[in-house]
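S.K.: The lines below spell out each chain.
Number of protein chains: 2
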Amino acid sequence: MPALSKSILSKIKSLSIKKYRDKFQLFVAEGPTLIADLQLSHLKIDSIYATKDWVENNPKAPAIELSSKELTRMSSLKTPNQVLCLVEIPKYEFDPKKLSALTLVLDNISDPGNMGSIIRTADWFGVQNIVCSMNCTDIYNSKVVQASMGSISRVKVHYTDLVPFVKGCKDAFAIYGLVVGGKSINKEQIAGDTLLIVGNESKGISQELSSVISKKIGIDSFGGAESLNAAVATAIVCYEFNRVN
Amino acid sequence: MPALSKSILSKIKSLSIKKYRDKFQLFVAEGPTLIADLQLSHLKIDSIYATKDWVENNPKAPAIELSSKELTRMSSLKTPNQVLCLVEIPKYEFDPKKLSALTLVLDNISDPGNMGSIIRTADWFGVQNIVCSMNCTDIYNSKVVQASMGSISRVKVHYTDLVPFVKGCKDAFAIYGLVVGGKSINKEQIAGDTLLIVGNESKGISQELSSVISKKIGIDSFGGAESLNAAVATAIVCYEFNRVN
Numbered sequence: 001m002p003a004l005s006k007s008i009l010s011k012i013k014s015l016s017i018k019k020y021r022d023k024f025q026l027f028v029a030e031g032p033t034l035i036a037d038l039q040l041s042h043l044k045i046d047s048i049y050a051t052k053d054w055v056e057n058n059p060k061a062p063a064i065e066l067s068s069k070e071l072t073r074m075s076s077l078k079t080p081n082q083v084l085c086l087v088e089i090p091k092y093e094f095d096p097k098k099l100s101a102l103t104l105v106l107d108n109i110s111d112p113g114n115m116g117s118i119i120r121t122a123d124w125f126g127v128q129n130i131v132c133s134m135n136c137t138d139i140y141n142s143k144v145v146q147a148s149m150g151s152i153s154r155v156k157v158h159y160t161d162l163v164p165f166v167k168g169c170k171d172a173f174a175i176y177g178l179v180v181g182g183k184s185i186n187k188e189q190i191a192g193d194t195l196l197i198v199g200n201e202s203k204g205i206s207q208e209l210s211s212v213i214s215k216k217i218g219i220d221s222f223g224g225a226e227s228l229n230a231a232v233a234t235a236i237v238c239y240e241f242n243r244v245n
Numbered sequence: 001m002p003a004l005s006k007s008i009l010s011k012i013k014s015l016s017i018k019k020y021r022d023k024f025q026l027f028v029a030e031g032p033t034l035i036a037d038l039q040l041s042h043l044k045i046d047s048i049y050a051t052k053d054w055v056e057n058n059p060k061a062p063a064i065e066l067s068s069k070e071l072t073r074m075s076s077l078k079t080p081n082q083v084l085c086l087v088e089i090p091k092y093e094f095d096p097k098k099l100s101a102l103t104l105v106l107d108n109i110s111d112p113g114n115m116g117s118i119i120r121t122a123d124w125f126g127v128q129n130i131v132c133s134m135n136c137t138d139i140y141n142s143k144v145v146q147a148s149m150g151s152i153s154r155v156k157v158h159y160t161d162l163v164p165f166v167k168g169c170k171d172a173f174a175i176y177g178l179v180v181g182g183k184s185i186n187k188e189q190i191a192g193d194t195l196l197i198v199g200n201e202s203k204g205i206s207q208e209l210s211s212v213i214s215k216k217i218g219i220d221s222f223g224g225a226e227s228l229n230a231a232v233a234t235a236i237v238c239y240e241f242n243r244v245n
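Chains as they are written, first to last, in our numbering: chain A, 1 to 245; chain B, 1 to 245.
Take the hints with a grain of salt, since some may be wrong.
Unchecked claim - Below, a list of computed lysine-lysine pairs in the BS3-like style, where the Cα atoms sit at most 30 Å apart:
no. : chain 1 : residue 1 : chain 2 : residue 2
1   : B       : Lys-203   : A       : Lys-78
2   : A       : Lys-60    : B       : Lys-78
3   : B       : Lys-203   : A       : Lys-52
4   : A       : Lys-18    : B       : Lys-78
5   : A       : Lys-78    : B       : Lys-98
Derived from the structure by calculation, the hints contain no laboratory data. All of these numbers come straight from a predicted model, not from anything done at the bench.
Here chain A stands alone, though its shape is the one from the complex:
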């Protein structure tokens, strides 16, 4: 069993920081289910580090075998799970003219769990593109990767300056902003090519972006909570969009 070199370990550890993910153009994914999903996807796997169990079950995968203790040293999980791999960050062409149906536009979504959940939900509902403001949490952060459950390989996520992007879409898209107290999605039929803007978990949609929205929509409340979780609210609109279209 080859010992894990210090330089490899320090490279993997560095990938918990965005600067180094950008430098190496790699991100970390962990666990057998997620990695099986990524192996079937278009993403390119750079290297695989796995314990004996996993290697025996995946004899064709070019894995580097190591001990549980070594895996624990490189993992960001509380309970490391058999296998960790480095994956090349994909490059997607971003052409607003090619967007269609429902596109999610995320303004400063900061919680990695929410980001992962939104990507997974988008994948379920067939949303192909998510456009993020530059200050959204990075989707190759390990918490986002793990929460997205492999959907990160199917949904294209782009980072851009949202104000010019949304302004440029005004003629071809209906531009909706999801806000507490917006017009009920049961009264406002969301149809056709649509951008759905979702704001920060506590601050909502930024003022500059708010002024570009055509219509503010919301979800009827029947109880006492002040708001819904951002990922939950996004999911409900995705569901409603698919229901009526």
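Using the hints, position chain B against chain A.
M.R.: Leaving out everything else, chain B in the frame of chain A:
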């Protein structure tokens, strides 16, 4: 400024463990927004520990003032926020005959973030009762309390043995199980007094409980994800229930 006694600190620290929450019948809540919400609720606040800023803004609250450093020592948050309080665990009468409309039944929901999100969603959609299996995560766990955003004071959560409970409800309720691949909620109208059973994040609904379900329902998929997050799927059914009823 009174120094924080060792015995108080150790009591507060012990409340991170369910055994001690049960013993003292207390749980911990943190942060000005959550505590303002709880102060307006029917829950009884046992004691408040706060920094000078909070005390000055809440002159009538019987708070014990302490330094930021002392608050950090008692807090379970990464960034403690001005105030921490101990709250009495409420006792709710649990009479299945008094349930009405939509009641959520959670079978072994284990992620505290999901549990908190489900409670918050239930509150938003006017769901008054949640019935949990004995092996669900404890709702007075600090992560659940923080994620529920005050909804924990408005939604009644009960823990019981689910199989006899659901069997006892057979005559008066429609019993739905939420499963991947279940009949689309767009084709099966969920109406009237309903129990919605939601299963564990990875294992789904237990076999014993599955046999008591009248109908398995699900959410149409349009993409590649294998499943939706449990809290997200629950929210979509709550939304749909309110939409059609």
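S.K.: Each hint should be assessed against the structure and marked as holding or not.
M.R.: Hint check results:
1. B/Lys-203 x A/Lys-78: holds, 20 Å
2. A/Lys-60 x B/Lys-78: Roughly 43 Å between the alpha carbons, so the hint for A/Lys-60 and B/Lys-78 is violated.
3. B/Lys-203 x A/Lys-52: holds, 25 Å
4. A/Lys-18 x B/Lys-78: Holds. A/Lys-18 to B/Lys-78 sits at ~21 Å (cutoff 30 Å).
5. A/Lys-78 x B/Lys-98: Given that 30 Å is the threshold and the Cα spacing comes to 42 Å, the pair is violated.
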